[in-house]
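Asks: Chains E and H, in that order, give the protein sequences.
Residue numbers for the first sequence follow our numbering, so the first one is 73 and each next one is one higher.
Residue numbers for the second sequence follow our numbering, so the first one is 22 and each next one is one higher.
Please keep in mind that the hints were generated in silico from the structure rather than gathered at the bench.
Watch out, some of these pointers could steer you wrong.
Derived lysine-lysine pairs resembling BS3-like cross-links, with alpha carbons at most 30 Å apart [as the list claims (entries may be wrong)]:
#1 Lys57(H) - Lys149(E)
#2 Lys115(H) - Lys82(E)
#3 Lys82(E) - Lys60(H)
Covered, in the sense of this in silico footprint (three residues per stretch, anywhere, with C-beta under 8 Å from a C-beta of chain H), are these stretches of chain E [said to hold, decoys possible]:
#4 77–86
#5 125–135
#6 159–168
Chain H residues, not near chain E, derived (Cβ > 12 Å throughout) [claimed, not checked]:
#7 Lys25
#8 Tyr38
#9 Gln52
#10 Asp77
#11 Asp90
#12 Asn96
#13 Lys115
#14 Arg124
#15 Met135
#16 Ala141
The structure presented is a predicted model; accordingly, all values stated were derived computationally and were not measured.
Cβ coordinates follow ideal geometry from the N, Cα and C atoms, glycine included.
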Amino acid sequence: MNKRERDTLKSVVNSVMRDFAFLFSEPALPSLAILNESDFFQASIRAEGPVNIEFHLCLATSLSEEIAGNVLGISTKDANTQELSEDCTKELLNIISSHVVTRLNGEEAVFQLSIPHAQKITKSIEWNILMYRHRPVTLMVEGRPFMIWMD
Amino acid sequence: MGLKILIVDDSATIRSYIQKNIEMVDMQEIQCFQAKNGKLAYEVLSQEKIDILFLDINMPEMNGVELVDKLHKENRIENLAIFIISSDGSETRKKEILAKGVRQFVRKPFTPEMFSRIFAELLERRAA
């Protein structure tokens with residue numbers, strides 16, 4: 073990813089988190105993204121248009137539950153929040169990737185997005201592998217690590 | 022007279038979010054239906070006289086653009102207020118959809134305040 077792409081990802085994540093989930097993100101050095109958690113969601117989506125781009129994000133399950141809780145105005149302990157956390161992660165990536173492709177390619181470009189899919193990661197070593205393999209944009213959201221990249 | 026509203030989005034979170042915002046409107050006799058894709062939405066539209074349709078674009082089975090095309094071909098859009106609720110930011114796509122009789126294109130993410138404003142305008146227009 074070049075600097076423009078990285079800056080765009082940071083800026084879009086920040087505004088989407090604020091407007092969608094009422095949460096704030098701040099940039100974090102990869103080395104600062106220390107993990108206290110071992111359960112994560114990794115989600116992916118593909119945008120096809122003038123250029124083809126794949127977006128991926130990874131975040132702690134507890135953060136996805138907080139996002140779902142904030143969106144629906146319910147407690148993170150609510151059974152609905154836990155049920156909807158994976159769905160919410162996919163929707164978050166859907167919104168972020170749509171905004172990023174428009175920012176990078178202009179409002180006239182038409183992109184077709186795939187249906188996002190997500191999987192659970194239960195070992196923190198996998199987080200580290202993804203971080204070093206893809207050199208993602210790393211952020212802290214409410215004190216919890218969040219990574220996103222495109223290729 | 023009551024309002025029948027159909028919310029179509031493959032995300033259960035977004036369907037719940039929209040329904041929650043609708044329920045905050047101080048109006049009796051609002052009946053909400055939900056569908057997770059265009060195909061299921063078409064079935065609901067065939068069974069119920071829906072007044073307002075909140076419709077996502079990117080969905081499996083039948084997406085929002087395909088559903089609008091189908092309703093447009095069958096001349097069923099005139100009496101239906103369709104609101105596209107999508108994260109798609111393409112002006113080209115927006116113009117194409119609006120040309121088919123869709124009322125408004127609302128970009129995700131939207132705040133509860135934005136939604137309330139849109140909904141209040143819609144109810145005012147219906148009352149006029």
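Asks: Each of the hints needs a verdict: does it hold here or not?
Replies: Status of the hints after comparison with the structure:
1. Taking the CA atoms of Lys57(H) and Lys149(E), the gap is about 25 Å. The hint holds against a cut of 30 Å.
2. Between Lys115(H) and Lys82(E) the CA atoms are separated by roughly 26 Å; this keeps the pair inside 30 Å, and the hint holds.
3. A C-alpha spacing of about 36 Å is found between Lys82(E) and Lys60(H), which places the hinted pair above 30 Å, so the restraint is violated.
4. Coverage of the region 77–86 of chain E by chain H is violated in this model, with 0 residues showing a Cβ closer than 8 Å to a Cβ of that chain against a need of three.
5. Closer than 8 Å: that is the beta-carbon criterion, and the region 125–135 of chain E has 0 residues meeting it against chain H, so the requirement of 3 is violated.
6. Only residues whose beta carbon comes within less than 8 Å of a beta carbon in chain H count, and the region 159–168 of chain E has 6; three or more means the coverage holds.
7. Annotated as non-interface, Lys25(H) keeps its C-beta farther than 12 Å from every C-beta of chain E; the closest such distance is 23 Å.
8. Separation of Tyr38(H) from chain E is inadequate, the least Cβ-Cβ distance of about 6 Å not exceeding the 12 Å criterion.
9. Every CB of chain E is more than 12 Å from the CB of Gln52(H) (nearest about 21 Å), matching its label as outside the interface.
10. Distance check for Asp77(H) against chain E: the nearest CB is about 9 Å away, which does not clear 12 Å, and the non-interface claim fails.
11. Every Cβ of chain E is farther than 12 Å from the Cβ of Asp90(H); the closest lies at roughly 15 Å, confirming the non-interface assignment.
12. For Asn96(H), the condition that its CB be more than 12 Å from all CB atoms of chain E holds, with the nearest at approximately 26 Å.
13. Listed as outside the interface, Lys115(H) is inconsistent with that label: its C-beta sits roughly 9 Å from the nearest C-beta of chain E, within the 12 Å cut-off.
14. The beta carbon of Arg124(H) is kept farther than 12 Å from every beta carbon of chain E, the shortest such distance being approximately 20 Å.
15. Non-interface status of Met135(H) relative to chain E is broken: a Cβ of that chain comes within 12 Å, the nearest being about 9 Å off.
16. With 12 Å as the threshold on Cβ separation, the claim that Ala141(H) sits away from chain E holds: the shortest Cβ distance comes to roughly 20 Å.
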